[in-house]
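Listed here are the chains, written in short residue letters.
2 protein chains.
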Amino acid sequence: MTDLNVYQDDSVTLPKADHVQLIEDLFHQFLLAQKATLSPQIVDIATKEDTAQMRDATIPKADGMPMDQVISDMVKIMSHRVAMEHPKFFGLIPSPINENSYLGNIITTMFNVGTGSWYQGSGPSTVEDTLIKWMAEQAGLPSSAGGVFVSGGTMANLTAVVTARDAMLQFDQRPKAVIYASKETHVSVTKGLTVAGFLRSQIHRVESDSDFRIDPQSLRRQIAIDRKNGLVPFLIAGSCGFTNTGGIDDLNALADIAQEENLWLHVDGAYGASVVLSKDHKGCADGLGRANSLSWDPHKWLFQIYDCGLVLVRDKRHLVQSFNTEASYIRDAEEVNTDTVNFWNRGIEMSRSARGLKLWFTLQRVGLEKMGEMIDHGIYLAEFAEQTFRELENWEILSTASLGMFNFRYIPPMENLDPSLDVEKCCDDINAAISRLAVERNIAAPMTTRLRKALNLRMCTISPELSREQLFEVIQSIDLIAKEVEASFLKEHVFKL
Amino acid sequence: MTDLNVYQDDSVTLPKADHVQLIEDLFHQFLLAQKATLSPQIVDIATKEDTAQMRDATIPKADGMPMDQVISDMVKIMSHRVAMEHPKFFGLIPSPINENSYLGNIITTMFNVGTGSWYQGSGPSTVEDTLIKWMAEQAGLPSSAGGVFVSGGTMANLTAVVTARDAMLQFDQRPKAVIYASKETHVSVTKGLTVAGFLRSQIHRVESDSDFRIDPQSLRRQIAIDRKNGLVPFLIAGSCGFTNTGGIDDLNALADIAQEENLWLHVDGAYGASVVLSKDHKGCADGLGRANSLSWDPHKWLFQIYDCGLVLVRDKRHLVQSFNTEASYIRDAEEVNTDTVNFWNRGIEMSRSARGLKLWFTLQRVGLEKMGEMIDHGIYLAEFAEQTFRELENWEILSTASLGMFNFRYIPPMENLDPSLDVEKCCDDINAAISRLAVERNIAAPMTTRLRKALNLRMCTISPELSREQLFEVIQSIDLIAKEVEASFLKEHVFKL
Numbered sequence: 000m001t002d003l004n005v006y007q008d009d010s011v012t013l014p015k016a017d018h019v020q021l022i023e024d025l026f027h028q029f030l031l032a033q034k035a036t037l038s039p040q041i042v043d044i045a046t047k048e049d050t051a052q053m054r055d056a057t058i059p060k061a062d063g064m065p066m067d068q069v070i071s072d073m074v075k076i077m078s079h080r081v082a083m084e085h086p087k088f089f090g091l092i093p094s095p096i097n098e099n100s101y102l103g104n105i106i107t108t109m110f111n112v113g114t115g116s117w118y119q120g121s122g123p124s125t126v127e128d129t130l131i132k133w134m135a136e137q138a139g140l141p142s143s144a145g146g147v148f149v150s151g152g153t154m155a156n157l158t159a160v161v162t163a164r165d166a167m168l169q170f171d172q173r174p175k176a177v178i179y180a181s182k183e184t185h186v187s188v189t190k191g192l193t194v195a196g197f198l199r200s201q202i203h204r205v206e207s208d209s210d211f212r213i214d215p216q217s218l219r220r221q222i223a224i225d226r227k228n229g230l231v232p233f234l235i236a237g238s239c240g241f242t243n244t245g246g247i248d249d250l251n252a253l254a255d256i257a258q259e260e261n262l263w264l265h266v267d268g269a270y271g272a273s274v275v276l277s278k279d280h281k282g283c284a285d286g287l288g289r290a291n292s293l294s295w296d297p298h299k300w301l302f303q304i305y306d307c308g309l310v311l312v313r314d315k316r317h318l319v320q321s322f323n324t325e326a327s328y329i330r331d332a333e334e335v336n337t338d339t340v341n342f343w344n345r346g347i348e349m350s351r352s353a354r355g356l357k358l359w360f361t362l363q364r365v366g367l368e369k370m371g372e373m374i375d376h377g378i379y380l381a382e383f384a385e386q387t388f389r390e391l392e393n394w395e396i397l398s399t400a401s402l403g404m405f406n407f408r409y410i411p412p413m414e415n416l417d418p419s420l421d422v423e424k425c426c427d428d429i430n431a432a433i434s435r436l437a438v439e440r441n442i443a444a445p446m447t448t449r450l451r452k453a454l455n456l457r458m459c460t461i462s463p464e465l466s467r468e469q470l471f472e473v474i475q476s477i478d479l480i481a482k483e484v485e486a487s488f489l490k491e492h493v494f495k496l
Numbered sequence: 000m001t002d003l004n005v006y007q008d009d010s011v012t013l014p015k016a017d018h019v020q021l022i023e024d025l026f027h028q029f030l031l032a033q034k035a036t037l038s039p040q041i042v043d044i045a046t047k048e049d050t051a052q053m054r055d056a057t058i059p060k061a062d063g064m065p066m067d068q069v070i071s072d073m074v075k076i077m078s079h080r081v082a083m084e085h086p087k088f089f090g091l092i093p094s095p096i097n098e099n100s101y102l103g104n105i106i107t108t109m110f111n112v113g114t115g116s117w118y119q120g121s122g123p124s125t126v127e128d129t130l131i132k133w134m135a136e137q138a139g140l141p142s143s144a145g146g147v148f149v150s151g152g153t154m155a156n157l158t159a160v161v162t163a164r165d166a167m168l169q170f171d172q173r174p175k176a177v178i179y180a181s182k183e184t185h186v187s188v189t190k191g192l193t194v195a196g197f198l199r200s201q202i203h204r205v206e207s208d209s210d211f212r213i214d215p216q217s218l219r220r221q222i223a224i225d226r227k228n229g230l231v232p233f234l235i236a237g238s239c240g241f242t243n244t245g246g247i248d249d250l251n252a253l254a255d256i257a258q259e260e261n262l263w264l265h266v267d268g269a270y271g272a273s274v275v276l277s278k279d280h281k282g283c284a285d286g287l288g289r290a291n292s293l294s295w296d297p298h299k300w301l302f303q304i305y306d307c308g309l310v311l312v313r314d315k316r317h318l319v320q321s322f323n324t325e326a327s328y329i330r331d332a333e334e335v336n337t338d339t340v341n342f343w344n345r346g347i348e349m350s351r352s353a354r355g356l357k358l359w360f361t362l363q364r365v366g367l368e369k370m371g372e373m374i375d376h377g378i379y380l381a382e383f384a385e386q387t388f389r390e391l392e393n394w395e396i397l398s399t400a401s402l403g404m405f406n407f408r409y410i411p412p413m414e415n416l417d418p419s420l421d422v423e424k425c426c427d428d429i430n431a432a433i434s435r436l437a438v439e440r441n442i443a444a445p446m447t448t449r450l451r452k453a454l455n456l457r458m459c460t461i462s463p464e465l466s467r468e469q470l471f472e473v474i475q476s477i478d479l480i481a482k483e484v485e486a487s488f489l490k491e492h493v494f495k496l
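These protein sequence lines are chains A and B, in that order.
All residue numbers in the first sequence are consecutive under numbering that gives the first Met the number 0, ending with 496.
All residue numbers in the second sequence are consecutive under numbering that gives the first Met the number 0, ending with 496.
What the hints contain is simulated information worked out from the structure, not anything from laboratory work.
Source: prediction; values computed, not measured.
Treat each hint with caution, since some may be false.
Any copy, or any two copies together, can satisfy a pair, since identical chains are not distinguished.
[Stated by the list, open to error] In silico DSSO-like cross-links for lysine-lysine, where the CA-CA straight-line distance does not exceed 30 Å:
1) Lys227 with Lys175
2) Lys278 with Lys60
3) Lys60 with Lys281
4) Lys482 with Lys452
5) Lys47 with Lys132
6) Lys132 with Lys60
7) Lys132 with Lys75
If we strip away everything but chain A, and leave its shape as in the complex, we get (with noise of 0.2 Å):
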């Protein structure tokens, strides 16, 4: 056996000078000119060709490449993504990400903390609870509460049935256990409740409102039908931000509900939580503080890179419960009153990194203050969008802006159509193109969703970054090739007089 003579040999270890310049200068590119020039597309999606040159491109070879190659390689396989911190970028929940957590998550990355176990990571461990016991409060939850930063809403949602399933059910009540949810729920909820164990049969729709809120007369309604045949109700899972239209569930009305029924609140707040750090829009979220758990994703809406969710639960104690790790339980139910924290005993992960240093980092440097004002800044471009299409001819507002959000959609005069048409479909078509159009012109992404079977376009307009000057500026190019979709249309469609 001979040693490797690694400090000699720069592909092994330490890199050579001129190949940390490389990444210097990329980072340098990145922080200060427009992240733009390394991806000018809103929209970068890989054609057929880029797929199959990426995959013969990813098959690890015998000997290692140059250090300048592999980084533009892999400066043109990233490339080919959404940028969903671009300013126009309207659709999904977009991420407009604060620079400060760039910054946040390169510290990070360079100490490479495990931030499972106390012994691993004491210092990061630290500010993570501290941390999530500030944003606990802020959500009005009680002192009691504690949580664990997970890679999103998913991970949070997952975490929370979890508990929620351990805290209020018998073993062998699950086959019989009731989930109550609306169809404004998100489909991670779903995924939650299927991974610990549930069928999706378990999850009973509750009707909905005009705003699409779960009706609370109808959810009272189905847990007595359910209780006389003999289920067992045990979860409803409210929302603070529809993923669809940015409504919120009327929180107090679930609670009260949960609290008569003696049920477990839980809301998914990933979207809209972070309303509660605004300035001018807490009152948004009234009621958030009496749910049993909340997920809240810093990565969607406090400006903070992948990946970055978080899981509250009312009392710590039930995570210790569900997810401690250690062979001896008294050990670890005594920890949470003492300084120390693992991590590991409040969640499902073991391995993780310290995700949320990089929020840490951000509310730093950044101040509450103007934290708040970035977050009303966006439901304000959202209000405004909303008004400017309003004054805009032939455009319908399907549901008024909520959380930086709102649904809109085009409809053409249709008098004089071939009457055979299906006038429905014909507007499905037409907003379908009009979003097309804009994404492939990189005007900006608003993207399509469905409310009540009528496809319209949607826009999350919560870029701190976006002027309202910017955003009117999208609008009259929407507008534009509205019309000019209407053109075609008409063109190929109007009834001959």
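Since the structure of chain A is provided, determine the placement of chain B on it from the hints.
Just chain B now, kept in the frame of chain A:
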């Protein structure tokens, strides 16, 4: 409503050049200088005072703080950690990190691509998918295999057991289902099973042989008894790399039984699966390719930073069956035959960063040949250390070197001791003291574990940066500490003649 002057306010968006300079300096220091200059201690656990200070510094303020202060606070916080990448940290499973992993993760950070769906990140999705297929092939799995990058072994084991549950059991069989594991099976397998809805009592512990491996005869007997009692055996959890000793279950024997009995064989190779990329020791993992599912953490033994875990499943359609998150099942079943991949249909998470790209970066840069040597290096080091201890006086080897790990303890002559003493207890105390002193003096961090009740020292020597000469010096220092502890012990406890 007034717009935020975001581009003029450096705390909100783009940092000033001198702020970037601060980060770049830190980055440079990390990559080119010894990382030890920032974290001189191998083990640095926060004191009560440190903790109180950090808690104070965590609460967000109304106004932002200067960049240099936030950076220096963060460096201080992160320094309270175990330097898991330090060549002389031998505890847990160390994380000796290849520098290329840092660089790959910094580029990943800069692009911040969501890799849950093809739409969001077609570039990194393609590379991760191709890399996963290649890794499956290296492990001996067939071309039907697929998987997903996760945060670590616990998530990999959870993903695998949910997949096994859904593939093997009817819903009403779940309460009678039985899982087979041994005492050496990692605690995260238990955790995954309880999250997936099983009780701890459904995990039957099988007897082990003298090398701590599951005894095939006992397993066969237990399956027969369980079937006779109306239970439903469905899963065998084998291990490739026991955390305690580096041992490996007889994977071929387990695969034979799984095949005969129609059970699912999951192998937790979070630590040890990487041996299939070694040059000289691939054979250790014989039978690995017969598993139905496999956990494999590149952040353990492929020199990656957190987080970088992987779960592989023999037939990737089973993943889609359990984790598909779309409304329409057909579309996603079809997907597995095309170029596109939506990873949120292959695993639990929807939000997910491109964890696999830093591994891709490392493999491209280093090349397979050298990666193989780096893995072999750790295996040879442990063999060398075992041999060295064998040649020193009063040291006992409790488990021979396997996968870069071995167990040993110091047993001084005890003839003249006070006869009222518990010799075993004395031995435990002596070895605990040796470990404690080595850590306190920052000589090295061998940690303690128990094998057949005896407390012993355990070294995992997988750092490619550690030379044989350095290891020899460490062993000599540990031997000196042992003599010191022995002398102080004898002084107190020797029987007065």
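Hints that the structure is at odds with (numbers, increasing) = Structure breaks no hint.
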